[in-house]
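> Given the coordinates of chain A, assemble chain B with the ligands onto it according to the supplied hints.
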Amino acid sequence: MSDDYYKKAKAIPLPTLSEVNDLGKDWRYQDDGYTVTRTCPWSPPGCHPVGCGLKLYVDADGRLQKVEGDENHPVTQGRLCPRCIALKDYVYNPARILHPMKRHREDRGKADKWQRITWDEAFDIIKKEYDRIVAEYGRESIAIFSGTGREGGTMNPYGSMVFGTPNKCYTQSGYACYTPRLAAAVYVTGATYAEWDNAGALPDRWDDERYELSEVIVLWGKQPLDSNPDGFFGHSLIDAMRRGSRIINIDPRVTWLSTRSDIHLQLRPGTDTALGMAMLHVIISEGLYDKDFVEYWCYGFDELAERVAEMPPEKAAEICGVAVEKIYAAARMYAKAKPAGLLWGLAVDQKTNGMQNGQVIISLQAITGNLDRPGGQFLPGAGSGHNELGYGYDEGVGELKAKMIGIDQYPAYCNMILDAQADMMLKALETGDPFPLKMCMYQGNNLMACTSMEPKRWHDAIIKTMDFSIGIDTFMNPSVEASCDIFLPLKTVAEREGTVFTHYAPCTVTAGFMHKAIEVGEGFSDMEMVYELGTRLRPELWAKEGFANSKEFIEHFRLGKREHGAYFDKISQVVVSQVPVDYYKYEKGMLRADGGPGFATPTGRVELWSTAFNQFGEDPLPYYAEPEFGPVTTPELMEQYPFVLTTGARTSAFFHSEHRQIAYLRELHPNPITEINPQVAKRLNITEGQWVRVFNQFGECVQKAHISPIVDENTIHSEHAWWFPEEDGNEPNLYGVFRSNINNLIPNFHMGKLGFGAPGKCLICNIEPVAKNYDTNMDLVWEKFGKLV
Amino acid sequence: MAYGLLIDYEFCTGCQSCEVACKEEHSIPVGQWGIHLLDDGPWECADGRFNWNKIPVPTRLCDLCEQRTQQGKQPSCVHHCLAGVMQYGSVEELAKQLEKKPDQVLFVPKTYRYAQ
Ligand code: SF4
Ligand code: SF4
Ligand code: SF4
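Just so you know, the sequences run in chain order A and B. Under my numbering, the first residue of the first sequence is numbered 1337, with each subsequent residue one higher. Under my numbering, the first residue of the second sequence is numbered 7, with each subsequent residue one higher.
Hints listed in this document are in silico derivations from the structure and should not be mistaken for laboratory results. Treat the hints with care, since some could be wrong.
[To be verified] Straight-line C-alpha distance at most 27 angstroms; calculated DSS-like pairs for lysine-lysine:
(1) B:Lys79 x A:Lys1346
(2) A:Lys1361 x A:Lys1924
(3) B:Lys79 x A:Lys1402
One chain only, chain A, in its complex shape:
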C-alpha cells in the first residue's frame, strides 16, 4: 500500500452547520483553554466499527470535559448518536474498573471478593494457570468466548497468537449474527458481504460524479437508524431519503421507518425466504431482471427460475400473512428502480432458514443488476480487508485446528469463520465430549446477558467445568461476576490508539484513526492486551515475530507496515480517510485473486445455483423452511403459546448489553420492553406499563408491557440483553441477569444444515400480567452512576 493511500478526507459540511465551526482543524488543536483531539472511536464503549468523528476537549488537568461531533468527517459530519455524546459519563463512571483484580475460585459469584492486584501479579497468575492447564489438558481445552461489535469481539489473535487454541467461539447459537449473511455472500458471489452504497467512500459524497442516487432502498429485517449495523452509518439512509430515495420496508413491526415507506411488508417473523422467493418469481416471470447481467455474469439462472416458480406470490402471501398485491408491487418497484439498494439485517440470520434468506437476497441484488454498481450494492474487491480472521493461525494454532469443536460436523461454518460451532461448544461444556474445557476468556462478550441462548445452561456449564476464567472489560458484568477469577481492565476510546475500518474492513468506506486524549486508570486496549499477554504466555512464538513494541504490532496487524509505530503516528494524523473504491469490478478483473474478469467463485459467476452449497451437502438453490415452532409447524402448541415471539429490536440508548449504567442513556430507556398489540392487551387484561410474564416451553422472563400496534395481534416483541448493574451482583441475583432475559425462551441446537442460523426472531410464546412492579428506580441509577459526572 502506498503512503498516500490514507489521504485526509474532504469535509462535506451539513447545510445546518454554522459559520463558526472547526472545519479544517488539525488532528490536535487548542481551543479556549482546551486541548482538542480529533478521533474516530471504536470500542469500548461497544459499537460496530462506524468510527463517527469525535472531538475530545481536555482541560489543563488532563480531564475530558466535553465531547462533540467532528464536522470534518465526510459521512457523519458532526452528528453523533446518544452513546458517544454521553462518552464522558462512560469514561468517568464510578462503576468503571480501572485496575486488574483477582478472586479465589471458590468465591465466584461473590461481588465483594475481588482484590485489586498489579499487572505483574495478574500476568503471573495467568501464566501459571495457562502453563498448568496446557500441560494437563492441551491448548484445545481453552475457550475464548467472543462477542459482537467491539474490537475485542473480533480480535482473533487472542485465540491464535495468545492462547493458541482452536476453540475461539462466538457463543450465539448458529452464529446467528452477520455470519450467515456473510457465508451466503461468500458462497454465492465470492465477495464478503454486499452493503448498500451510501457514497461514503466518494470525495464529493452524494454529489460525486460517479454516484447515482438509489431510487429505491429496501430494508430487510434491519433497523439501521438505531444499530449502525456493521459500521454502516445508519442515518445516511435519511440523507438519501431527503434527496429522494423511496423506501420499501420488510419488518414484522411497524417502525418509524415503515411509516415513511412506500411499501411496508409486515410479514410473520421467520417467513422471509418465502417472500424473497416470491419476489424473485415476479421479477423473473415478468422479465424485469437485468438480462445482460444474468447472461454474462450469473450461473444457474434457469434452475433458480424453476425453483422460485414453486413459490408464486399467492402462496407466499399466505405464508407471510401479507397482501399479495404488496408482494407484486414491492418486487416490481425494486426491479424497475435503477439503481436500487438493499440493506439486509440481523433478522436474516436469526432463523434456521437464515442461509437461504441470505441466498434469495443476494440473488435479488444480482439479477436486478445492482451488484457492484453505484447506488446499488457495494462489493469488496479482491484483497480488501485485513485478513485478521486468519492472522497468526498457522503459527499459533497449526495442526490443533483439527480439535476445533464442531469442525467435523459443521465444516462450512468452522472453516469459514475459524470458530468453534456455538451449539457444539455448549454440548462440550456440558458433557466434556469430545474433551473437557478447562480455561476460558471473555473477549468483548457478556454472554449470559446477551449472546447465549438458554443462558442459564451456559452459566451452569461454564462455572462447573472451568478451572480458570479471565474477564476483560471496562465494567463488571454478570458473566464475569458469575464465572471469572481474574479481571483485566480495558481502555476506552478516549484513552487509546487504534484504527477503525467501517464494516470490519471488507466493504470499508472510511478508515478512521484513534488518538489517545486522556489517561484513566491502568487499562490496555484489546490490541495492546494481545501483545502483553501473548509475549508472556508464548514468548517463543512472539520472539519469532519480533515486534519492537505493542504499537508496531498494531501497525502490522491493522496497516500492514512495520515502522516501530512511526507509520501509525504519521498516517493517523489524517484522522479519517476515504478508502479508494471502484465499481463494476467484475468487468475489470478486480474481484478475483487471479486478476481475471468475473466473480471469485468456482464458475467465475454469481452462483444462483451454488456449487459451494452443493459441495457441503446443502441444497444449491434457495428453499423455504417454516420456522420450527409456529402456527404451521406446531399447531398443537399454539393453544398454550398462541403468539409468535420475535426479539432483539435495538434502541439508540444501548449497544446490546452495554450502557445500562450510563444514567443519561438509561433514562432514555429505563426498562426492558415487551410490545403487545392493543387488542391482545385488552383480551388479557394487560395495561400500559404493567409487567408481564413472557413464557414458552423453553423458559420465561418478565418485562414491562408497551401496548401498541407496533406489533399485530399474532406477534409479541421482546427486547434482549437486559441486566441491571444497579442491583445486587451476588449469585444468584447476578445483577438480575436472568429475570428479564428473553434468551431464556430461545433454545440452542436449532440451527440450519450447515450449522448456521437460530430461531431468535421466530419462536412462540404466551404472556400474562404479573402483579409485581419491577420498574427501574432511576433515582438509584442516578445516585450510583450519575452524580459524579
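Okay, now just chain B with the ligands, sitting in the frame of chain A:
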C-alpha cells in the same frame, strides 16, 4: 431579534441525540430535560397507513444554547442531530424555510437563565 429552532419532523427519527446533547451541554440531571421528545404514534389511519411523528420540544430549560450561539456556533442539539433536521436561526429566516416545506415546526423558546 427573536431566535428559534426549526425542526423537520417528517425526518426526525426520534434518535434522542438532541436530548442527550442538551443534557450534556447544560449538565441537566436525570428526570429533567432541556428538550424532550414527544412521540405520537403509531396509530392507524382510515386508509390503513400509520401516523407516527416524533417531535422534540424545547422545555423551559432551553436557553437556545446562549453561550454557544453568542460565539456564532450552533446549539448542541442542532450540531448533533443525527438526521440533520434541526436548524437554528432568526425567526424571520426560519419562517422562510418553514414556508418552503411542510411537516416542520418552529419553536421560539423563552430564554431561561441558568443560575451561575
Ligand atoms: S454509532 Fe458508534 S461511533 Fe457513532 S456515535 Fe454512536 S456509539 Fe459513537
Ligand atoms: S438549543 Fe441548546 S438548550 Fe435549547 S434544546 Fe438545544 S441544546 Fe438544549
Ligand atoms: S436529534 Fe434530530 S433526529 Fe434525533 S430526535 Fe432529535 S431532532 Fe429528531
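> Just to be careful, I want the Cα atoms of lysine 79 of chain B and lysine 1402 of chain A compared with a cutoff of 27 angstroms; is the pair within it?
The hint holds at about 15 angstroms.
> Do the alpha carbons of lysine 1361 of chain A and lysine 1924 of chain A lie within 27 angstroms of each other, as the hint requires?
Violated, at roughly 38 angstroms.
> Given the hint that lysine 79 of chain B pairs with lysine 1346 of chain A, test it: the Cα-Cα distance must not exceed 27 angstroms.
holds, 21 angstroms
Hint violations for this structure: number 2 only, all remaining hints satisfied.
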